[in-house]
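A.B. asks: For reference, the chains in residue letters:
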Amino acid sequence: MTRLGILVLGYLLSVSAPLIAVAQPPNARVGEIIPRDVREMYDRGLQYLATTQSENGDWVKSGGQQGPGVTGLGLMVFLASGEDPNFGLYSNHVRKAARNVIAGQSASTGFFGSSMYDHGFAMLGLAEAYGAVDDRSLWPEGKGKDQRLIGAALELAVRAAITSQKKNSTGAWRYSPDSTDADTSVAGSVLVGLLAARNAGIEVPDESIDKAVSYFTKMTAASGQVAYSGGLGGFDESMARISIGTLVYAIGRRKDLPQYKATLGYLTQRVEQPGSPGHGGVEYQRYYQAQALFQGDVEAWQKWNKLLIRQLKSTQQADGSFNGSYGAGLSTSMSLLALALNYRFLPIYER
Amino acid sequence: MKSVSLLIALILACSVASSADNPVLHLSDGGFVPGELMKSATPEVVRWQATAFTQPFEFSRGAISAVHYPRATETPKPVGEYCFELAAGDVLFGDLINLTNDHAELDVARLGRIHVQREHIRRMYRWGSGADLVYLGPNGLVGWNEPATIKQWHDEGGQPQTDKEGSYIRGDFGIPAQAVIEFELFWKTKPDFVMALGVDDSEDEATLKRAYRFEIWDNELVLRCELGREADVDTVQSIASGSGRVHLVAYLDQEKGRMLVYSPNGKQLSEINVKPRKVQTHPGIRLTNRKGDVRLERLRITRWDGVPPREVQPDKVRLHRTDGSIVYGQVTGFDAQSKQFTVTDDKQETKFDAAQLASAFLSPPSEDKPRAFRVVYQDGTRLSGELTEIGDAHLRLTSLSIREPMTLPVAALQSLVVLTHDSDSSVETPDGRSGKLHMGGVLLHGRLMNGRETSDASCLVWNPDNSSTASPLRVGTTGRIVYREPPPPQPKPTAQQIQAQQMQQQHGGGFANAFLKALANGPVQPAAAGGRRLMHLRSGDTIPCDLTQINEEGVTFRTSMSDATFVAHEKVKAIELLTGLSVPKLNKLKQQRLLTLPRMQKDSPPTHLVRSKDGDFLRGRILDMDDKRLTIEIRLEAKEIPRDRIAQIIWLHPDELKNAVDDSTNELGVVSPPVSSSNETGDGSSKSASEDSSPKDRTADAVSLAKNPTATRVQALRSDGIRLTFFPEILADKTLSGKSDVLGACRTELAQVDQLLIGREIEKAAASLAYTKWKLHHAIEPKIAQDVDGQSPDGRSPGLDSPLVGKPAPDFELPLLGGNGKKFHLADSKGHIVVLDFWATWCGPCLQTMPLVEKVIHEFADQGVQLVGVNLEEQAKQITSTMERHKLQLTVAMDQDGVVAGKYEANAIPQTVVIDREGKIVRLFVGGGPHLAEQLREALRELLDADKTAQ
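Protein chains in written order, with the numbering used here: chain A, 5 to 355; chain B, 35 to 985.
Just so you know, these hints were derived from the structure itself, not from any lab.
Honestly, I wouldn't trust all of these hints.
Claimed, not checked - With a cut-off of at most 30 Å between alpha-carbon atoms, the simulated DSS-like pairs for lysine-lysine come out as follows:
id, chain 1, residue 1, chain 2, residue 2
1, A, Lys-307, B, Lys-185
2, B, Lys-807, B, Lys-889
3, B, Lys-673, A, Lys-307
4, B, Lys-841, A, Lys-317
5, A, Lys-307, B, Lys-636
6, B, Lys-911, A, Lys-222
7, B, Lys-911, A, Lys-317
8, B, Lys-636, B, Lys-673
9, B, Lys-325, B, Lys-312
10, B, Lys-605, A, Lys-307
11, A, Lys-317, B, Lys-864
12, B, Lys-982, A, Lys-317
13, A, Lys-265, B, Lys-636
14, B, Lys-673, B, Lys-662
15, B, Lys-889, A, Lys-310
16, B, Lys-605, B, Lys-636
17, A, Lys-222, B, Lys-921
18, B, Lys-864, B, Lys-954
19, B, Lys-373, A, Lys-310
20, B, Lys-636, B, Lys-807
21, A, Lys-310, B, Lys-662
22, A, Lys-149, A, Lys-215
23, A, Lys-265, B, Lys-768
Small disclaimer: the values here were computed from a predicted structure and weren't measured.
Just chain B, same shape as in the assembly (with noise of 0.2 Å):
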């Protein structure tokens, strides 16, 4: 579950980081395209230069959704005394210049004075250059995270939208302790949606327990949250059925569990307390669509400094002072020189400097007019209205609420949006079979025309639905085109459904039969459907084709598809011998077996996996085959069997087996042995031709016909079961043509295609292929083969594997040699570093690493490190004559009976164990060797040190 999770970042990661550089075009068909927004005639078309194509596409503007640019890395903050929420959702930052009942004249950066319709005006509030805004938005899915694979949310006019039941986003939005949340929901048919504020990122369901929650029960909206045993629950107002729309300001304060819901124009409508037991600020907001629809129009957070608004009379226009208080009444007039507003209440007139104003509402509410189109600025600028050019580096726009045409610079653009799709300005759809094509960052509906491979242009032109234009490939790229979906995996038969075909089968065939058919293991039987034999290349190829012959170099064999005759074995992964036999199916372990190189066979593995007719295996190595029988090595040994026994030959390449040691670290969660030196002149300092290239490099060599790399290469997978991979030449006639490494000329029609791959998409598709799964990997090293130079392989100090370490060391009391009945009691040595050193006489290695490990010992022996030698099993007599004849000195215990060996699970010798003055294993060394001695004195200073330390 982790490292699916993982897996999703990552591609997260990745299409976040492909896409980053370039703004990417949004259809209204659901296909996106990074590129440059160019210079068009009209402002009907939007001119997209796609990165991945050659020439700019011209696409209806109708077609278009919208254009997002990059998010800058920190978001440019908006310059202006004030903030003027206008019309349609249009918010503008800049100074007031002057005022009048007509309009207010306002500086704003990048436009200059404008003039702006009064009536168009909602509110103004002091802005002081953003010091309080936290956040901004949306600018469409940008900041929010879907967990889903399948993306359920899409960007709807730059506004998260989704009709995807259970489906959620979820942000950090950096939401202060104390905060001022305004949101804006909208639904087309029917609300049931969950807005949690204050998340954590986990995707734990207690976190949106814990959150801040506005919920739809029945037909009212809800305030609630659930802290430990607190719990508090309060009524937002009610919702009718229908389309409709929320829009609430919330001020939450986390620290002291509190949250007031208004609405936007100041009336309190909801307030919950929860006493939370531990202050958390959870910085994140998370929107799950239950059942029905949803989207987020609007988002604000601001900084909120704890003091809850005061009562208002929510329909009047009024002005807020910076102290608090309210005065309601018209704005009449501003005096740019003496910084004063005129407010009129009942004809009274009162002036007030507008230092003390906060925010004024100007306006009413109205309904708005419909906008064409909206422009979104990184710093929050947003203007809609009609577009009346698109320039190199500008747009033109004209605004209801702006007396003045804008030009407006392409730079610091977060969005541009179409608001209306009028269905008139579509393009005329050209002949060609519709598909879509999948690149990196790309989806484009459209379909393929007639081209010819360039040097720098693909033969694959791709005209996208909408646009009047066509383009070709840049060559070199990598994509698939999918006509035709590929059939979702079957879901495994429940064990219900397999007894009932059990049940079913018994009746003709016999239990057992059944049985191994329903575990798909059995022999092997053609199929009566498919009449084809097949031919498995290790690019993903199938190819029909009848085996003649397989020699030194390879294959010969007859197709019906060209006239070409053979293939070298290195691009071989599979020849079918019968028809309409499918790839093998064997229980894990089984397979796992059977794919398993033994250690004595690492240089030379076999080749080839041979399948007989009645589901047999053979390993070996294949020396030729004619039609009446192959020949195969086993073992070293040639042996012979009859062509007609075989159904189906599995090849299995060398430099796989490579790959397959890097896979069982995965897998089997073990690490994986060196890869043998198949380096058979000893110091790796051979370079013949072959090996200059490293083993994945050959692979793909070998993979992927890369003869050519910059010329464009495919892979046709029809709908007949056949792939091919070629170098596309022409397409002309609704038919691709090029040339195949293996097949030489080659051609086929796009109507028999359901996909198409293209570029290095082939190699990854042909990774997946259930025949490429048949590999081999390495056994298992030994672990004393891996702990070379006495560095275990996963680079920690030596003597720490054994998982008796860290542990107490058994008690044991052992009769001592010569030592006329006196025992020695480990218990009794408690406050000394004790030494166990467990050895036989007739164990070699033992007798070797005895007088080092002596040796060692004897340089502690002031420092209270004691040796004990513990005998296996042996008689008094033979002990003392060996350590006579090796001159060695130490205090022997008898393990008369392996009891004590047992206990310090000592099960090959020499095994030297280091116990610390508390009684505790520190160090366990098994093997002995040169190296013991250097690891010990280490062990031992490590833990004198330790006790100087302690002092």
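Extracted from the complex, chain A is given alone in its bound form (with noise of 0.2 Å):
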């Protein structure tokens, strides 16, 4: 298939998962023409992430963050493109990185890396891999028991998961699945994680959805801003946590919540101000913004988006790669995934 890079696609997409990338009809590219520097960004950051991805799939070498939770995003970064993920340019990169992650996991308890994060956004890259990446021949023939296939590794994962949320009595996550408390942004990554999971056709409990949407809420205040851990809500404005929690109700599809409207709302009156990220960096900050407004509100998104592009066009460096707190590895896949919303590729970013 030719690059789809042109067009974005509309609100046509099909909600039901799970969807292969190949098979969407042609009359689907319904949409705005992509910004040329949109794209000139985009395929920049691409070679970056290509050229620095080690034999093994991960970005050892750009340094910073590691994981299968970092290689993960840098997965999603490539079916995020348009590329066909078996044939294109990107598709040894693909499996690389699928392998990679894959290869992170227990195979005893299902459990990636070596925090919950990790274990969020390695399940969150599979199943946005999951039904588009043909799997037939991700592995070497007849090497090792551990060589699972995508769709074992995410249902792996989503029990995990599960087991972790069922030991916790605040019904969300931690740094460690033996965690007894939870914070907002850890939480965040798993819960989105599983949503992505349910929606490429894994089974994930509603009780577990509806548990951890349940922690959001009261992690939320009035004002829609959205508490870290524990403690009284609402001290502080963490852009971040803010987008996170706009958008687990929106995938979560729990826009009916007052919680919803209010963290939106707190976003959307905001759109031009920088913010506090309150929560990580910047890139973190932006990774979940770009995500929570298209989710909200598609106007007051294409207002972001138009900040985002001018300022990730002052920052990217000449190697294509972003700097930031995390490394230039993570730090890029997170600059690059806040501006994949302009492709609209990843069935996470449907509406």
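Using the hints, put the two standalone chains together into the complex.
C.D. replies: Right under this line is the structure:
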């Protein structure tokens, strides 16, 4: 299939999952022309990630944060590019990344990597790849017992997340799978991962989603601000956490909640303002803010997106990377994924 | 006012610094240029290699006023037993070898043995290698300061001179408490000066009053001084009208408040006495020219032992002995062997030891023949005569007074002064438009000659007036050539004029219209004249053109000046879409408001300011514009405006914004907010190609067109209002041709040019252009946001910002929580350190802070530190339940009506106030936060330490 890069998909994408990108009807390609500078920026970023990916699929070479979650986000950047994941320019990079994520999973518990952050983002990455990447030839033939296919790995991961949630009285997650407390940042990554897996056709019990969403509603102040962990809610402005809140309500199909209106309102009223990330770096904020605004209010997203393009344009390095608090690898992936809403190729971006 | 004088001081310092390393050639036409004196073939020509030029100039000697050499840091003291004062003001230091009726043989450093005509020696005195000398001069304006920015005094043959009314020079010459000050003043027309001895370095007129002043009253020279209630005045001598001079010796004792004035040959003329209330010695001299003109020709300051000179018969030749006694008579001989003088009076011959000689008057003054040239050394040696040779490192001079021709080294020179200016020797003036070349430390009248740019010489070739040669400027120099001076700034119309104007306009157009016009604030009125639409670039270029299109990259235009059609956004400052517009004028407040960037737009500032025909302004980001409409993004939404509504567009560049932050500190006197981290990647590690250079560099790049910094760059300011920056390559046929970054090949006739700016002068001039001043500045950040890491941005220790700090704590009495009617009265706690914590149960940060405060106070509990929580306007029940829930145990005073909070200006809580044992507020913290505990602990420790020291 030729590049889809010129056109973006409108709102006609089917909501039924799993989706195979190549199966999209041609008449679905309705929408605006992607701005040239977005394409150029995204391509240069892809080039950077493609050239710095190591043989075993991770981004150790570009330093900073590493782990299955980081690889999972890198995987999503390639999937979101619109290139054919099986035969296109980056098909090898896609497979390397997918293998790396699966290799980071415990065969017995299903847990990815060192923290539940990893688990959430790895799960999300695999969920987006599931169905789109033809995994029949993902592994070299007949080698090793841990060479799971994407679907199997995803099922295992979902089970791990639910087990962890059940042990946690808050109904959410924190760094360790055995944590007894929770925070909205880690919980957001796991919950989005679960929602993506459910969208991809993996069975996720409603009870699990409801409990996690209910944790978020407790952490959301009437102002729309979302607290970090425990204690009194809504003391500070964290655009990242407010965006996470908006996003989980939206893709959790809970737009009916007053908390959703509050968080979304908080974001849309401050489209022009830089705001305080409040949690993590600005690229973490943008990664979530892009999705939250896109899911919640396309017009607001369009405005915000202009600003994003301008800001990223002025900070992209000559080699296509973005520097940031997480090191070039993860910072580049997050920045590009914030931009990827312009393409709307990932199922998780469906509205 | 202060800043102005500081600025002047800076300018002075700069100008001194720039010319400090090189001698400066001064021309009779007022020009000056630093450089080096070169060997020349004939003494009629002064060859001068100026530092800013590649080739030497050859000036006719008559066009030269003087050469002044930089002053050595320590004035060299002349050696020799005697100082000889000769005719024509010459001064020599040396030893006396022999003395006859015809000549004196002297041994002088630099010159060796020389024979000086006896009748040219006015006076000789024991020098003792200058032990008592404090100052000997003058040496031009060196050591003098002039307060005015426009120099009104100039150096006339090494002597300060002026004919400007009310101007003065002042210098600190280190006048000791007891001093002899000998000076000579000359005037051409009419004297009206004040020569004040003993002034300090203030501009205050009172210092002048306290000084010992020689003044002209009608036709008398008087001496006066006023110290407190005491004052004294005495006449010195009468002054005839017309040209004249005074030569006086003043014996000044500032401690005793006494000054005696003598004529140079020893006759007492005047005396004043004022008793100083407190003894003060002021080391300076100020010479004011009230009217007419004045020139300071001589100034010598020596230490004085306080013993007044004896009375003398001033007209007679005589000797003063070291014991003060006077011997009248002609010195007729000197025996070098026995070191004895022979003095003859009425044929009676007496001999006495040279060691007893203080001074000798050898010949009465007579009319001196004019000399052509004078050499002054830094040690005070002065010689005048005919210049016969200019060598590599020496000069040759013949003097009427000295038998031997002299070879004088250039080393240690102070000045070379041309005394006579014969007009015959002037050089033929070449063809070309005459102008003035200004550079740092250079002013040369002259003209540009044909030239061609090479790697080491500019195509700007300057031929100064009276030089037979021309020289290219060095590449990379900075300056300007002025052909036509800009008109002086219009004086601001007075209230009456405005009123008159309004009255006039009222008849046609109505009052409102007139009012608006008077404020220059109304709708844009295209002027009838002009008929051009102009584009203004950041470099200052002003180009007549028609705007065709604006797109993402820049501006497309049509101009009659070249085939070029495009300029990038980063170079543009403003574009006028109507003819005959000028820079918008708004009142200061409106303009400031219009150009203030709200904090929420910090990261996406508007890039353009669009002005409508009706005078409205719109800020935004222009996306594109064609012949029909303008698309502008306002608050991230694109809007369309018909093009024909637009009068003007001003570009607001992000790098200007950063500079504006710096400016705001000066303008508003407030601490500017930290520059927002527009560095979006968070940790400042981004280094894209465009970010490698600092914002300032980028500005410079954008503005300076500095593609090739080693090439000459000029901006022509043409009389038709066009300004054009380009790299000139060739000057021929009175036309300068080169390449412009924007317009490509371009040329301009010198006849059309008012000024030619060279090098960095272009940016300097551009910075003061009217459109340049239209730039955004950041809104002031709220204080709380600046208070990062618990440190005030100014580095002061926190808790000291409130105006209440240092003041007595307002006393109050409040009921205590659960106290059954008991009250807390602050005055009762005198002798204790009291910490008041203002709080409320609804205040989350208060509840976070309170345990921290409680913990700190607990550490100091046994040292008389008392914590009282002052609750704001809440019910006892609610307070108690919250305290129980949070397990807080502290004394709470209930400020039920908020009166106490008002007294302590607690507009934001938590507010924690520390009161010392005397009842004075020593710290006031607002906002709590994680740093509060440490800051509070620190404050308490400080107080307790002070207690210990006191004990």
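A.B. asks: Any of the earlier hints contradicted here, and which numbers?
C.D. replies: Result: hints 1, 2, 4, 7, 9, 11, 12, 15, 19, 22 and 23 break, sorted rising.
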